[in-house]
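*Asks:* If you use the numbering used here, the sequence shown corresponds to residues 1 to 68, in order.
Keep in mind that the hints were calculated from the coordinates and are not lab data. The reader is advised that the hints may include incorrect statements.
[To be verified] Computed cross-link-like contacts, SDA-like style, restricted to lysine to any residue with a CA-CA straight-line distance of at most 20 Å:
hint: 1; residue 1: Lys-54; residue 2: Leu-64
hint: 2; residue 1: Lys-66; residue 2: Gln-13
hint: 3; residue 1: Lys-25; residue 2: Pro-40
hint: 4; residue 1: Lys-61; residue 2: Ile-16
hint: 5; residue 1: Lys-65; residue 2: Ile-15
hint: 6; residue 1: Lys-11; residue 2: Lys-51
hint: 7; residue 1: Lys-61; residue 2: Leu-23
hint: 8; residue 1: Lys-66; residue 2: Lys-25
hint: 9; residue 1: Lys-65; residue 2: Tyr-24
hint: 10; residue 1: Lys-38; residue 2: Tyr-24
hint: 11; residue 1: Lys-49; residue 2: Lys-65
hint: 12; residue 1: Lys-54; residue 2: Glu-21
hint: 13; residue 1: Lys-49; residue 2: Leu-32
hint: 14; residue 1: Lys-19; residue 2: Tyr-30
hint: 15; residue 1: Lys-61; residue 2: Arg-43
hint: 16; residue 1: Lys-38; residue 2: Met-48
hint: 17; residue 1: Lys-65; residue 2: Tyr-30
hint: 18; residue 1: Lys-11; residue 2: Leu-27
hint: 19; residue 1: Lys-56; residue 2: Thr-37
hint: 20; residue 1: Lys-14; residue 2: Asp-35
hint: 21; residue 1: Lys-49; residue 2: Lys-66
hint: 22; residue 1: Lys-19; residue 2: Ile-50
hint: 23; residue 1: Lys-25; residue 2: Asp-9
hint: 24; residue 1: Lys-51; residue 2: Leu-32
hint: 25; residue 1: Lys-19; residue 2: Pro-40
hint: 26; residue 1: Lys-51; residue 2: Thr-37
hint: 27; residue 1: Lys-19; residue 2: Met-44
[To be verified] Quick list of simulated restraints, FRET-style, between CB atoms:
hint: 28; residue 1: Glu-55; residue 2: Lys-14; range: 37 to 47 Å
hint: 29; residue 1: Ser-58; residue 2: Thr-37; range: 22 to 32 Å
hint: 30; residue 1: Met-44; residue 2: Gln-13; range: 15 to 25 Å
hint: 31; residue 1: Glu-55; residue 2: Leu-32; range: 12 to 22 Å
Heads up, the beta-carbon is just placed ideally off N, CA and C, and yes, glycines get one too.
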Amino acid sequence: MLKKSSEIDSKEQKIIEEKLERLYKLLSEYELELDLTKDPTDRMRFEMKIKNLKEKISEAKEELKKIL
């Protein structure tokens, strides 16, 4: 049986919103670690992780916009 497009869209929307929530939590953890870290190598590592997470968040927001 085929599902309605709106049912699929709402499930996809919920999945993407949950993904965004997890990414934001991870981002705040990394930013906190960055604030607490003094070692330059560790700082660079966290800066790269933060940059990558921000890119993933942007991608997830774009996916969400397509559904809405």
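*Asks:* So, for every hint listed, does it hold in this structure?
*Replies:* Results for each hint:
With a CA separation close to 15 Å, the supplied pair Lys-54 and Leu-64 stays within the 20 Å bound. About 10 Å separates the Cα atoms of Lys-66 and Gln-13, which keeps this hinted pair within 20 Å; it holds. With a C-alpha separation of about 23 Å, the suggested pair Lys-25 and Pro-40 falls outside the 20 Å cut-off, and the hint is violated. With a C-alpha separation of about 8 Å, the suggested pairing of Lys-61 with Ile-16 holds against the 20 Å cut-off.
At most 20 Å may separate the alpha-carbon atoms for a hinted pair to count; Lys-65 and Ile-15 meet this at roughly 13 Å. Proximity of Lys-11 to Lys-51 is assessed by CA-CA distance (about 28 Å); at most 20 Å being required, the pair is judged violated. For the hint pairing Lys-61 with Leu-23, the CA-to-CA distance comes to about 11 Å; that is within 20 Å, so the pair holds. Pair hint Lys-66 plus Lys-25 does not hold up; C-alpha atoms about 23 Å apart against a cutoff of 20 Å.
At roughly 17 Å between alpha-carbon atoms, Lys-65 and Tyr-24 fall within 20 Å of each other, so this suggested pair holds. About 23 Å separates the Cα atoms of Lys-38 and Tyr-24, which puts this hinted pair outside 20 Å; it is violated. Of the supplied pair hints, the one linking Lys-49 and Lys-65 is violated, its CA atoms being roughly 24 Å apart against a limit of 20 Å. Restraint check: the Cα-Cα separation between Lys-54 and Glu-21 comes to about 12 Å, which is no more than 20 Å; the hinted pair holds.
For the suggested pair Lys-49 and Leu-32, the alpha carbons sit about 12 Å apart, so the restraint of at most 20 Å is met. For the given pair, Lys-19 sits about 16 Å from Tyr-30 by alpha-carbon distance, which is consistent with the 20 Å threshold. For the given pair, Lys-61 sits about 27 Å from Arg-43 by alpha-carbon distance, which is inconsistent with the 20 Å threshold. Note on Lys-38 and Met-48: the hinted pairing holds, with a Cα-Cα distance of about 16 Å set against a maximum of 20 Å.
About 26 Å separates the Cα atoms of Lys-65 and Tyr-30, which puts this hinted pair outside 20 Å; it is violated. Between Lys-11 and Leu-27 the alpha-carbon distance is near 24 Å, which puts this suggested pair outside the 20 Å criterion. The straight-line distance between the Cα atoms of Lys-56 and Thr-37 is roughly 23 Å, outside the 20 Å bound, and the hint therefore fails. Restraint check for Lys-14 and Asp-35: not satisfied, since their Cα atoms lie roughly 32 Å apart, outside the 20 Å limit.
Restraint check: the Cα-Cα separation between Lys-49 and Lys-66 comes to about 26 Å, which exceeds 20 Å; the hinted pair is violated. With a C-alpha separation of about 16 Å, the suggested pair Lys-19 and Ile-50 falls inside the 20 Å cut-off, and the hint holds. Simply put, Lys-25 and Asp-9 have alpha-carbon atoms about 24 Å apart, too far for the 20 Å limit, and the pair is violated. With a C-alpha separation of about 14 Å, the suggested pairing of Lys-51 with Leu-32 holds against the 20 Å cut-off.
For the hint linking Lys-19 to Pro-40, the alpha-carbon distance of about 30 Å lies beyond 20 Å, and the restraint is violated. A threshold of 20 Å between alpha carbons decides the hint, and for Lys-51 with Thr-37 the separation of about 17 Å falls inside it, so the pair holds. Proposed proximity of Lys-19 and Met-44 is contradicted: the alpha carbons are some 25 Å apart, above 20 Å. Between Glu-55 and Lys-14 the beta carbon distance is about 22 Å. The supplied range of 37 to 47 Å is therefore violated.
Between Ser-58 and Thr-37 the C-beta distance comes to about 25 Å, which sits within the given range of 22 to 32 Å. For Met-44 paired with Gln-13, a C-beta distance near 36 Å fails the hint of 15 to 25 Å. The hinted range of 12 to 22 Å is satisfied by Glu-55 and Leu-32, whose Cβ atoms lie roughly 20 Å apart.
Figure legend: structure checked against the earlier numbered hints; hints not met, in rising order: 3, 6, 8, 10, 11, 15, 17, 18, 19, 20, 21, 23, 25, 27, 28, 30.
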